[in-house]
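When you get a sec, could you build the whole thing from the sequences and use the hints?
One-letter residues, chain by chain:
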Amino acid sequence: MAARTAFMQGNEAILEGALHAGARFFAGYPITPSSEIAELASTRLPARGGVYLQMEDEMASMGAVIGASAAGAPAFTATSGPGFSLMQENLGLAAMAEVPCVVVNVQRSGPSTGLATRPGQADVMQARWGTHGDHPSLVFAPASAQECFDLTVEAFIWAERLRTPVIGRADVVVGHLRELVALPDPEDGRALASRPRPQGPPDDYCTYRPGPDGVPPLADFGSPYIVHLNGSMHDERGYPSADPAQAGRLIQRLVAKVQARVGEMVAVRHFRHDPPEGAPPRPAVLYVAYGSTARAAREAALMLAEKGVPARLLQLKRLWPFPDSEVEAAALEAGLTVVPEMNLGQVVLEVERVVGKRRPVWSCAKSNGEPITPDEILARTLEVVGA
Amino acid sequence: MAARTAFMQGNEAILEGALHAGARFFAGYPITPSSEIAELASTRLPARGGVYLQMEDEMASMGAVIGASAAGAPAFTATSGPGFSLMQENLGLAAMAEVPCVVVNVQRSGPSTGLATRPGQADVMQARWGTHGDHPSLVFAPASAQECFDLTVEAFIWAERLRTPVIGRADVVVGHLRELVALPDPEDGRALASRPRPQGPPDDYCTYRPGPDGVPPLADFGSPYIVHLNGSMHDERGYPSADPAQAGRLIQRLVAKVQARVGEMVAVRHFRHDPPEGAPPRPAVLYVAYGSTARAAREAALMLAEKGVPARLLQLKRLWPFPDSEVEAAALEAGLTVVPEMNLGQVVLEVERVVGKRRPVWSCAKSNGEPITPDEILARTLEVVGA
Amino acid sequence: MAKAKKRFRVTLNRAWCKDCGICVAFCPAKVFEAGERGEALVAREEDCTGCQSCVLRCPDLALEVEEATPSQAAEAVTHGG
Amino acid sequence: MAKAKKRFRVTLNRAWCKDCGICVAFCPAKVFEAGERGEALVAREEDCTGCQSCVLRCPDLALEVEEATPSQAAEAVTHGG
Amino acid sequence: MEGRPAVAKGRKWQVILSGAGGQGLILAGTVLGEAAAVYGGLNATCSQSYGVASRGGFTKAEVVISPEEIPYPLVRRPDVIVALTQEAYDRQVSQVGADCLVLYDSEAVARAGRTPGREVGLPLQETARKGGSAGNTNLVALGALLGVTGLLPVECLNSAVSARFPGPDGESRLRAVSDGWGLGVEVAAGGG
Amino acid sequence: MEGRPAVAKGRKWQVILSGAGGQGLILAGTVLGEAAAVYGGLNATCSQSYGVASRGGFTKAEVVISPEEIPYPLVRRPDVIVALTQEAYDRQVSQVGADCLVLYDSEAVARAGRTPGREVGLPLQETARKGGSAGNTNLVALGALLGVTGLLPVECLNSAVSARFPGPDGESRLRAVSDGWGLGVEVAAGGG
Amino acid sequence: MKARDYLIEEAMPLFWCRGCGNGIILHALLRALARLGKSREETVVVTGIGCFGKADDYIRTHSIHGTHGRALAIATGVKAVNPGLTVLALMGDGDCATIGGNHLIHAARRNIGVTAVVANNLNYGMTGGQFSATTPQGARSSTSSFGNPESGFDLCRLAGAAGAALVARATVYHAALLESLLVEAISCPGFSLVEVMSSCPVYYGRYNGIPDPAAMMRWWQESAVPASRYAELAPEEKQGRFPIGRLGGSDRPAFSERYARVQEAAQAGAGRWIQAGTDR
Amino acid sequence: MKARDYLIEEAMPLFWCRGCGNGIILHALLRALARLGKSREETVVVTGIGCFGKADDYIRTHSIHGTHGRALAIATGVKAVNPGLTVLALMGDGDCATIGGNHLIHAARRNIGVTAVVANNLNYGMTGGQFSATTPQGARSSTSSFGNPESGFDLCRLAGAAGAALVARATVYHAALLESLLVEAISCPGFSLVEVMSSCPVYYGRYNGIPDPAAMMRWWQESAVPASRYAELAPEEKQGRFPIGRLGGSDRPAFSERYARVQEAAQAGAGRWIQAGTDR
Ligand SMILES: Cc1ncc(C[n+]2csc(CCOP(=O)(O)OP(=O)(O)O)c2C)c(N)n1
Ligand SMILES: Cc1ncc(C[n+]2csc(CCOP(=O)(O)OP(=O)(O)O)c2C)c(N)n1
Ligand code: SF4
Ligand code: SF4
Ligand code: SF4
Ligand code: SF4
Ligand code: SF4
Ligand code: SF4
Ligand SMILES: [Mg+2]
Ligand SMILES: [Mg+2]
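Residue numbers (this note's numbering), protein chains in the order written: chain C, 1 to 387; chain H, 1 to 387; chain Z, 1 to 81; chain L, 1 to 81; chain B, 1 to 192; chain F, 1 to 192; chain R, 1 to 280; chain X, 1 to 280.
The hints are simulated quantities; they were obtained by calculation from the structure and are not laboratory data.
Mixed in with the good hints, there may be bad ones.
[Unchecked claim] Just a few of them, taken from the derived set where beta-carbon distance is under 10 angstroms, the chain X residues facing chain R:
no., residue
1, 37
2, 39
3, 109
4, 263
5, 269
[As the list claims (entries may be wrong)] List time: in silico DMTMM-like cross-link candidates among lysine to aspartate or glutamate, alpha-carbon distance up to 20 angstroms:
no., chain 1, residue 1, chain 2, residue 2
6, C, 357, H, 328
7, R, 2, Z, 64
8, R, 2, Z, 46
Backbone N, C-alpha and C fix where the C-beta goes; we use that ideal spot for every residue, glycine too.
Here you go:
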């Protein structure tokens, strides 16, 4: 039950979610449309004994987040496209050294400086593939202020539990949208996000000796369990090793520890909108959508049902690991799938891969700095349904 | 006809290719295993009146490359994973501002610092999706020292012709491999790579008014045609504009200008290895491979044919835009497809998307810092062929 | 003719001006004045000494001060006087 | 007993030493010598003054110099003498 | 949810508050949304414009209020547009349908009467100035909006304003709301 | 291609040159590859080891020489291993098949005789020292390799060495090759 | 050409806020170009991202509007390839010294013949008034409500220590001085930096009790002291004051001059054997 | 604990080349920790990437081996969260001052209580001897065969100008001085930098005619001059020489001390209304 409700911006809800999950550190570099998160963090964190650091750039922000997390503070940053691009190298460090942290990317319209205040969703593939090398990827995408709160908490939980960076991917529309948010009792949350910590004699501790779930317990800098974090290839103690067997095991484990838990994570939300009773039976149209676009798709689904076409919406709350089976099941059940996105077509490629030519998959792409509207989705749907 | 042959490293051949194509500028920051390119550039470029700049980091390297290219010099840089991650933001600038340049990524084993001297191919998706926002992507992948030369020339040709950044993706094995390379007469090359330049009255010139092929002619800084380059959303003159119609057109054009010419670009190479005469007919196995892995696959194909299984290899010389139709045709003709890669499986996702469950597609992934061997590919093939 | 005091023409480009008040505050000759709603007005052009400092300091390039041609000067006198 | 000259034990860890020659070049008492193939040798331990400068400057942490216990000192004298 | 004043189930309202940067329109939108969502028991969303970034130029806030869940949170077809500057009025003229009410500041918008539907011009700025601060024009406008349309009981707005401005100038803000509301109710009563 | 000395079509050779950093093994591999490809009319590849990065530690170069095209350019199963240090010998003991020849420096490799195939120990370093420079051990080894195996006419190697070292010390390098070749031929003649 | 001839009049009025100092800097720069008789062809303006970074929208020369913080890196590439061009990098304090700090010190060290013009408004205007690397300790901003816990750079001292050929400072109040410093800087063959203390009434002013444009100008008028006089002030008198004018620089050959020597040597020399790196 | 107790003996012998200065610095650092009686728990070593960046392989305290150039950013996060820790950033010249230059100047400005130890071997050892931002003008390297056209930073001057609390320089020849400077630096509550001129015989030495380890040591012996004496040298005498010892620093409260004030104020204060940025 919500302890309190408030009318707040998505960005504000992200901050509230982080605080609720136990965040004690933020380092960032301002950038539209994420700056409100930093601004709020600059007063709220010190007020609870935490630290807000405004770093010199995004490389430094990610670096400081990693350092702070290693020192034991649940830590996060927030940015947008250009800053997210600059964070890629150190995101890889967090993945490889297994330092938990949360990175919020409030997307805007790119590429490059692009349209800095306008909506876009073209950084979705980047959130998966942006840094070099094989690495795990865990990305949540809220579609409302409430989900901004909830999924930020989720992000922290998994970051800490799995010792891995987690990305929260919002977009301008959601980040700047004000809605009612139900906030749980602050006391609940403290315990929510927590990392596995070592037990037993400190001398036996190895920074990278995995527990049964593939996640090695992590001690804080300053504790008697001496920690050796390493972004180069390393052995279980954290010391450099080029042994191929060791290397292969480590790279596999980084990905597997996340994959093993996807069943427990937030993934999708289903919406079904059927035509008014008595309408002639027709194959259903499935929308697969995420972030603010899911809201437009929902409205389009309602309109479509009105027009006599059964409409379903699969809202992706988790983008990566991609919810393959959920998408596959929903798409095979429907007659065809439409994927509306504010980019030239990114998630549609994944949907195509999963559906594998067994059903038609249509892209409904818009990339001009304007939010996609229900009417545009509907028009595109009628076009392809007709086709 | 080759004017001369030389036994040289892939990295050296990349430099020769760049020089042959007319490169006059290199800016970079050393990193294993690409440093030989910088080292050679530092003597060869000034010897022909060009410039070698060693910049303070990879952001700066990409920035200087863009500046130099805008000043009229065909320009390039070379790096590896960590540096490539840092170049992403300015790669987006080159794409958006439409400044031709070539970026060579000699891949190593990641993520993060990983195994710095060991082979890996895990930056293939990054080469497509590494920067934020919608953007074009043109990536070539050599598998021999000769192809290092040839595809570097190809990269410069298309970068200049299309006013876009082009990525040359090698890997340690190829970059450090020494083989015989046939070098054409240096005189031929000069004219090869050239950008469309404006004609007519300078006052009418608009930096972003596209020619019939969607590519706007580009004048040099210093010329009477005044150039306004812009990484923010802009109109045809290069001045900021947030008009959605304009923005939509621009983003579409950036991608379309590349897509329109893929038919003229290097794409794939086919190899067919049939069993000795008299062997019982069996469905063929297709390998789809790129870079040094294609060489291992070729050897595996020979062995497979020996064992009575018809084997085909589709070597991808161009990774992006992905050669969809070539892959589709080859895969549908074969009984099944195996995709060997030195990563946890990246290009296999594209192959799956293209083939779409109509034929089995198997990944043969290795990610431990060791090169993949023909024997491993063969073993994996026999496993899945049996299955 | 005795050396007449030079006259200047002060042009304020209303389309560019944002009424920041800098010219009003700093003109040594108090040529400008703030209007009712804070808008900048050229109130005493005839007092202008042509020092150009308002031109240099206007953040919107909205000011130009030129020596008046004799006819303009005469006109200005008529207006101002 | 008259105050005897202090004796020192100079230990060179061969497994860590890379024969860089720095100790040979800089020991003020010329305790070290380069061997046939350039390897560092403790040639005149008895001359060591215990100044520790070789310890501080050995790039491979391969040297230790400790004051010899009386028995070691005696042994050293026997050897050295 | 409990504790909220019961509000009669009404229709869905799509409202645009527009004017220039610095006129506090985002704040007004937030207060309106808050009034509806926190104090009116309705669903509400409020979003900023994604227009040209400008220093002092055109700005707008979009507010959607509905008794039902709000899937698409932006305004698709406005029911009301509040325009505090001529630029704001002009920019939106072409997008306004016949069933859209335009409420404008009669001082700032000289060239009105160009939309197909009902238009109401009120001395919003003037009323704010008279009330003590031109900076309260946004709240006067909100009051007037409620007065004219009745889209929400003014008590909800009062509660939202009191909550957001607990300080000493809360009084004057509440007055701005009620002054605006008075203007609006008069129009509603008299027809516009 | 034209202008090259005709070389009898032979078999494919997979060669590993191994030792310590600083012994010039990559250079040796390059020269050998060059000798085969540029002066022998054969196909050749030469690659560096992807082993542990080390300062002065184990290093190797892999050379593949073949009259046919070389699809896979790395060594899969070596035909010859040249080992200039004990570490190099030891590290590869377990990977050596019965048909692989091991050619080692008899001074550096004290504990030999542990591979299943033929082994030849020669005073490579000593020969280089006597020839004037221990730095030429790599070239002595190449000469010996050719002498023992005949995998390439020594003239090809001479041409490659002359081309790469046009300077005054080219002489001494050629001598190193021929000294090594002499050692090797002796073994080949006498059996090892 | 006259100053106005470099101005893109179609783009006016300026995007910047009422009373923003950027327009004063822009105008001074156009006058400096006119005084030096620079042609549009030979002049290249490189900007980053930020309020002042939008200056290129108004300048009728070659230009590139790049990425935040990277203007000097881009400018370095331009100048290296064509040393005959006049290359200007126009940046905010954040652009130049916070995210762009590395390129600043390396451009100074490398002594590349670029003139950096920094509009130092003591905060990030474009993104809503957060503190930057030049915001004074204790000042308020949208991310330092309790006073900035960090200290601001002395940009001129920093660039000087890094090796700049010329460093100078003016304020938007001292517009005539600014113009002559720009003339001097642009004429300098090595790396030059002109720091301009500039008004951001909307953020820095408002957060720190000087929201009025004229009051901000007065603030500059009062706190800036000509360098020669500043040196003579007692430590207490220096409090809250800063020197303006030419503040230093070192006389070394510019990069392009030295690189010409490299080119000569390379054209004379031969190739060499390349040693591969062992790691990383 | 004794110096050797901080050493991970299992990892020996050192990875570094014969005669490399890094081991001398490592040893001095371990002695300094011992002299200060630092426990393993309270000490955090942050490294970047490079030869000296591998120092953490041998140190038995908490450590993180990060990315190239980012050690100081990581260290800043560690210290900000737990000011009680002793945080050391061990970097090469490239790591610290070339790619990492921005973090260096900002760490100094912010006065974060971290000690930066820079092994300045005048080039990039790890990648095969290319010139770096400290390579002297004219010196040869694998990318400056014709002599470096750029000048090298005076790192101590740069960090001082950026605001460091303590800057000092030693050489690997002056190992005892180095140890005491490290003790002093680690004891300093603000940002401290100890630059150690270090031997890379394999690359810098070989390219510049000093391939012998002992000869490189002699070079340091001859070119380093104690700061007090250096100040008195005539300009000609300064040629090819540099000062060692404590070289400057400014006495300001460390970041954590100031941030504690922010936390106090925030705990006393209330929330506020957030102003959204308008762009970018
Ligand atoms: C990589 C990156 N990070 C952050 C931003 C957001 N951003 C744009 S301008 C700016 C700072 C502007 O400050 P300054 O450079 O001082 O210029 P001003 O606006 O004050 O003139 C920031 C942080 C960006 N565009 N790119
Ligand atoms: C982003 C990135 N760029 C480049 C490299 C390659 N690299 C590794 S270490 C190094 C430089 C080493 O020089 P320095 O920091 O001076 O340390 P040294 O090896 O000399 O001790 C470079 C360029 C890298 N690892 N990451
Ligand atoms: S200074 Fe310029 S912008 Fe300001 S009020 Fe005067 S004319 Fe207008
Ligand atoms: S030129 Fe001088 S006197 Fe004339 S209006 Fe301007 S500031 Fe006043
Ligand atoms: S100084 Fe150390 S490493 Fe060098 S020779 Fe002496 S003991 Fe060996
Ligand atoms: S302690 Fe001093 S005297 Fe003794 S061996 Fe070492 S350097 Fe020589
Ligand atoms: S925000 Fe500040 S710097 Fe930016 S335009 Fe406005 S006043 Fe100028
Ligand atoms: S390359 Fe240079 S710095 Fe690196 S270990 Fe060797 S001598 Fe030391
Ligand atoms: Mg600024
Ligand atoms: Mg170094």
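Verification of the hints:
Hint status for residue 37 of chain X: violated, given a least beta-carbon distance of 30 angstroms to chain R, over 10 angstroms. For residue 39 of chain X, the suggested interface contact is broken, since its CB lies about 29 angstroms from the closest CB of chain R, more than 10 angstroms. Evaluation of the residue 109 of chain X hint against chain R yields a held restraint, the C-beta minimum of about 6 angstroms falling below 10 angstroms. The interface hint given for residue 263 of chain X holds, since its Cβ lies 9 angstroms from the closest Cβ of chain R, which is under the 10 angstroms cut-off.
Look at residue 269 of chain X: its Cβ gets to within about 7 angstroms of chain R, closer than 10 angstroms, so that hint holds up. Pair hint residue 357 of chain C plus residue 328 of chain H holds up; C-alpha atoms about 12 angstroms apart against a cutoff of 20 angstroms. For a cut-off of 20 angstroms, the pair hint linking residue 2 of chain R to residue 64 of chain Z stands: about 13 angstroms separates their Cα positions. As the CA atoms of residue 2 of chain R and residue 46 of chain Z are separated by approximately 26 angstroms, the hinted pair breaks the 20 angstroms bound.
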